[in-house]
Amino acid sequence: MNALRNILMRREAGIFVMIVLFCLAVGIAKPQFLTTNSLRIILLLVPLIMIGAMGQMLVLVARHVDLSIGSILGLSAMVTGMMFRYHPEIWWPLGFAVSIGTGALLGLFNGTLVTVFKLPSIIVTLGTLNLFRGLTYIISNAKQIDRQYVPSALKAMSQTSPIFGIPWIIIIAFSVALATYYFVMHTRVGRQIYALGSNPVAAPLRGIDVTRVTLLVFTISGALSGLAGIMYASRWGFVNPSNTGAGFEFQVIAAVVIGGVSINGGVGTVLGTVLGVLLLGCLSSALPLLGIPGTTQNAIYGSVIIIALIIDRTVRRQGIASIARRQA
Amino acid sequence: MNALGTTEPRMTSAPKPVRSGWQTALIRPETMTFVLLIIGVIGASMLSPFFLDINYILRSFTLSAEIAIVALVLTMVIIAGEIDLSAASNMALSACLFAFAQQAGLPMPLAIGVGLLAGLAMGGFNALMVVGLQLPSIIVTIGTLIAYRGLAQVIAGDKSIRVPDWFIGINNQMILGIPLPVILFVLIAIVLGLVLSATIYGRQIYQVGTNETAARHAGIRSKRIKVGLFLLLGLVSAIAGLMTASRLGSVRYDIALGGELQMVLMAMLGGTYIFGGRGSILGTFLAAWLLVIVSTGMTVANLLPAIQLTVLGILLIVAIIATNFIYSRAQR
Amino acid sequence: MKNKIILAMAATFALGSTAAMAQDPTQIVYIGKNTGNPYFDSISGGFEDACAALNCEYQFVAPATAEATSQIPLIEAQIQRGVEVIAIAPNSPDALNQVLDSAKAQGILVLTVNGDLVGNESHRDATILPVDFTKTGPNQVELMGSMIGYKGEIAILSATTEAPDQNTWIAAMNDTLANDAKYKDMKLVATVYGDDQPEKSTTEMEALLANYPDLVGVIAPTTVGIAAAAQVVQSRGIADKVHVTGLGLPSEMRDFVKDGTVSAFQLWSPYNEGWLAVHFATGVLDGSIKNEVGATFEVPNLGTIKIDDLNAMNTQAELTTFDVNNIDEFDF
Chain A
2 MNALRNILMR REAGIFVMIV LFCLAVGIAK PQFLTTNSLR IILLLVPLIM IGAMGQMLVL
62 VARHVDLSIG SILGLSAMVT GMMFRYHPEI WWPLGFAVSI GTGALLGLFN GTLVTVFKLP
122 SIIVTLGTLN LFRGLTYIIS NAKQIDRQYV PSALKAMSQT SPIFGIPWII IIAFSVALAT
182 YYFVMHTRVG RQIYALGSNP VAAPLRGIDV TRVTLLVFTI SGALSGLAGI MYASRWGFVN
242 PSNTGAGFEF QVIAAVVIGG VSINGGVGTV LGTVLGVLLL GCLSSALPLL GIPGTTQNAI
302 YGSVIIIALI IDRTVRRQGI ASIARRQA
Chain B
-19 MNALGTTEPR MTSAPKPVRS GWQTALIRPE TMTFVLLIIG VIGASMLSPF FLDINYILRS
41 FTLSAEIAIV ALVLTMVIIA GEIDLSAASN MALSACLFAF AQQAGLPMPL AIGVGLLAGL
101 AMGGFNALMV VGLQLPSIIV TIGTLIAYRG LAQVIAGDKS IRVPDWFIGI NNQMILGIPL
161 PVILFVLIAI VLGLVLSATI YGRQIYQVGT NETAARHAGI RSKRIKVGLF LLLGLVSAIA
221 GLMTASRLGS VRYDIALGGE LQMVLMAMLG GTYIFGGRGS ILGTFLAAWL LVIVSTGMTV
281 ANLLPAIQLT VLGILLIVAI IATNFIYSRA QR
Chain C
14 MKNKIILAMA ATFALGSTAA MAQDPTQIVY IGKNTGNPYF DSISGGFEDA CAALNCEYQF
74 VAPATAEATS QIPLIEAQIQ RGVEVIAIAP NSPDALNQVL DSAKAQGILV LTVNGDLVGN
134 ESHRDATILP VDFTKTGPNQ VELMGSMIGY KGEIAILSAT TEAPDQNTWI AAMNDTLAND
194 AKYKDMKLVA TVYGDDQPEK STTEMEALLA NYPDLVGVIA PTTVGIAAAA QVVQSRGIAD
254 KVHVTGLGLP SEMRDFVKDG TVSAFQLWSP YNEGWLAVHF ATGVLDGSIK NEVGATFEVP
314 NLGTIKIDDL NAMNTQAELT TFDVNNIDEF DF
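Chains as they are written, first to last, in the working numbering: chain A, 2 to 329; chain B, -19 to 312; chain C, 14 to 345.
Quick caveat, the hints were computed from the structure, so don't treat them as lab data.
This one's a predicted model, so the numbers in the text were calculated from it and none came from an experiment.
In this text, a Cβ means the ideal position worked out from N, Cα and C, and glycines have one as well.
Hints may contain errors.
[What the hints assert, rightly or not] The list that follows gives simulated cross-link-like pairs (lysine-lysine, DSS-like), each with its CA atoms no further than 30 Å apart:
{"no.": "1", "chain 1": "C", "residue 1": "LYS200", "chain 2": "A", "residue 2": "LYS31"}
{"no.": "2", "chain 1": "C", "residue 1": "LYS164", "chain 2": "C", "residue 2": "LYS148"}
{"no.": "3", "chain 1": "C", "residue 1": "LYS148", "chain 2": "B", "residue 2": "LYS139"}
{"no.": "4", "chain 1": "C", "residue 1": "LYS164", "chain 2": "A", "residue 2": "LYS144"}
{"no.": "5", "chain 1": "A", "residue 1": "LYS156", "chain 2": "A", "residue 2": "LYS144"}
[Stated by the list, open to error] Footprint (simulated), chain C over chain B, 3 or more residues, beta carbon under 8 Å:
{"no.": "6", "stretch": "13 to 25"}
{"no.": "7", "stretch": "139 to 145"}
{"no.": "8", "stretch": "225 to 235"}
{"no.": "9", "stretch": "281 to 288"}
Working from the sequences, and respecting the hints, build out all of it.
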């Protein structure tokens, strides 16, 4: 047990150290990076990815993958946006229910295809990625929801709040992370997800209802993507059928992988994922500050993912090797 | 009850006949792809009177021929139990390096060599990460997909790099009225199909994909096979990148952007099993045609991208359900 | 006998005229940069109304994404459909060369609308530009100057690094700032690129504000950029310190103008581009307009249009300025 905890401690500590070193390095080159304003910018970049990453983490831990989260984000945002536009008389906070509900339904659709038809989730979500994006175009008639239709109160949630002036969306994102932590550590279902992911064959023998748990993780992932959808409208002020959510899945997967979640299931922590998201946020905000042209940014993101993987594998190897040595 | 008090086993009916040769030959994913292809052709002709023109269809195929050729090799990688999502970015980076080299003054054969070598190197890097360091191929190649594309952006910026005039127009070269890229696609499909189905090497690929540990215990050099496949994919991606450069007349960093999705789509629609061990070149071959027919049919009918995306999404889901169904029946 | 001949002539004449009236209406297609882009929906509106007035058939198509090659299958499809006029807002200056050449070879009139194939003009018949591009830069600098009292640090937030339109305007802006004594106290401290993506434009804007604390103005000559910049200023409540202006769509900027975040911005009328394009195309096809440099012709609502060098036409000469007084008059 001790050895196991050592590995975990090492992993999250590793990411934390990387973040600190990176910020210091950038801060030396550009002192503005270490101001509260800069912190604000970083924190504003991450809420959507944070929310999506919590969902994706659960899916990955269950040994599945959800590539359609970007399209779920887009479709939920569009449905909510159209409600704002064509029914402005509706009390706007209901938009949250609409967005989360739409996302949950779409996630449930994914989950159903995976469980009922026993299809590999990577292919299913590849298909629904296209399907949901297509539906987004169809219901919006390929027109975007302009800024004047998004309620100002919703947009203000990305600017400020009565709680130390920290924008609401940041508070929401961290609350979701906290809730996920509680869910994973202190509920039976949460722990069943980990059990299912580490050994899907043994899971039914341990009394885990595989179908129910799988449906649950996909529905949660969808619901959280739906939440990210209305957050998109809040943060950027509009909804566009082509852009909203495009590429989201890659950013989220990058953050989650950097945070130490294993593609093989069963491994991953909320803390690690949060740190992974923060590292990505620091990276994203530092690059324009450092004047690195947009053309190089992608090369850097890709390299970071690979480096994170290599570090991860090295750490695990060492960790596993040290267990082996201890048992020898 | 007989004398001992035990129950006599009932006489069951005559044992079920073994499935006939016909059934085995027909109930396969490739048949499903073929049926979808026919439906696609009929549907597209009904959507638009402009569709059923063989020259137009062949010309439209050349727009995807490069991706289709790479998809054939990707199928083999998937059958071996891995995946490589970086092939499209490989195409772009190889093409950019080639164009950059020839623009910097290197003679053409040398520049082409640079491009091919680059493709090989990228495939080699993937192999190192996946086989050498034992990292999961899906994440590694997502990383390299982003990195290679990014490097292409660094080299070419947002600009196009021209290629010399005599190099342009591979898609206009016709043999017997069929564009050259299509002929290349068919030839490569035949060669790879034979390798996969009729050689020991091909058989070993299936075995490695089905159960790598068992394969290794049976003496198959799985690592060598996988490395070889990644290298081949890298090389073929580079060739495809050069073909694209010839077709477009210039090279940009965003060549084949999103191509990885198309390639995987072709492999999946052709009945390749994502976890390895099952699939065929014939399936991917038919699926490439299916994809082109469906896309072209919708485009020439001026259908909105909205509808096209939705149709593709549904197509993939239907194909995968059918493939799963067929595989599970085939095991009875 | 005479009656019979007259009868026959009358019959032929009648037949001839009905045949002429039954002639297929001209088919015009406009290919936008991508779908879901309100700017091109605007231009398309102009096309649609003009075609309704001039009795031609019009369709608008666009690819799902704005990469350089995404329009190629669409162009091939339109050639296949046998349209007479292809109008396009090109995603790349040269990737479309080959396919546009084959369109021209079929006798199709190729127009670029809203932006040109810089350096590759021979591959299209004429171009319709929204405004005299040489005046755009100076117009914007003047508007910016008037908002900041002609002194202070300013920055430019542009689209992609290679966007030919933006680069033309930025070069002219630099020229004006350097050479016109009126602006000698205004200093351009940075030019950043938001890639026409709202997210990137927002982070670039925030980086500008962090890097240059004394910044008093930002010119964003792109509708995506100006909306993003205005959003940032509005969120932070710093409209009286940092003035945002540029090229924007009234529909997107209305909110910002009304609450004082942006006092004024400029654009032209994309709708008019479509209107002009149809009138020009039908005129060329029926012979009433000659597609030659120096020629002029009349267009209802737009007045006299002159064809300039490289067969370019400007829909209007100067930019239109929008502010709180006139913003409600426009609905695009």
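Verification of the hints:
Only pairs whose Cα atoms come within 30 Å are accepted, and LYS200 of chain C paired with LYS31 of chain A is accepted, the gap being roughly 22 Å. With a C-alpha separation of about 21 Å, the suggested pairing of LYS164 of chain C with LYS148 of chain C holds against the 30 Å cut-off. For the proposed pair LYS148 of chain C and LYS139 of chain B, the alpha carbon gap of about 25 Å is at most 30 Å, so the pair holds. In summary, the hint linking LYS164 of chain C to LYS144 of chain A is not supported, as the alpha carbons are separated by about 40 Å, beyond the 30 Å threshold.
The straight-line distance between the Cα atoms of LYS156 of chain A and LYS144 of chain A is roughly 20 Å, inside the 30 Å bound, and the hint therefore holds. Counting residues of the stretch 13 to 25 of chain B whose beta carbon lies closer than 8 Å to any beta carbon of chain C gives 0, which falls short of the minimum of three for the stated coverage. Using a Cβ-Cβ cut-off of 8 Å, 3 residues of the stretch 139 to 145 of chain B lie near chain C, which meets the minimum of three, so the contact claim holds. A count of 7 residues in the stretch 225 to 235 of chain B with a Cβ less than 8 Å from any Cβ of chain C is obtained; the coverage claim is therefore met, three being the minimum.
Proximity of the stretch 281 to 288 of chain B to chain C, defined as three or more residues with a beta carbon under 8 Å from a beta carbon of that chain, is established by the 5 residues found.
Of the numbered hints listed earlier, those contradicted by the structure are 4, 6.
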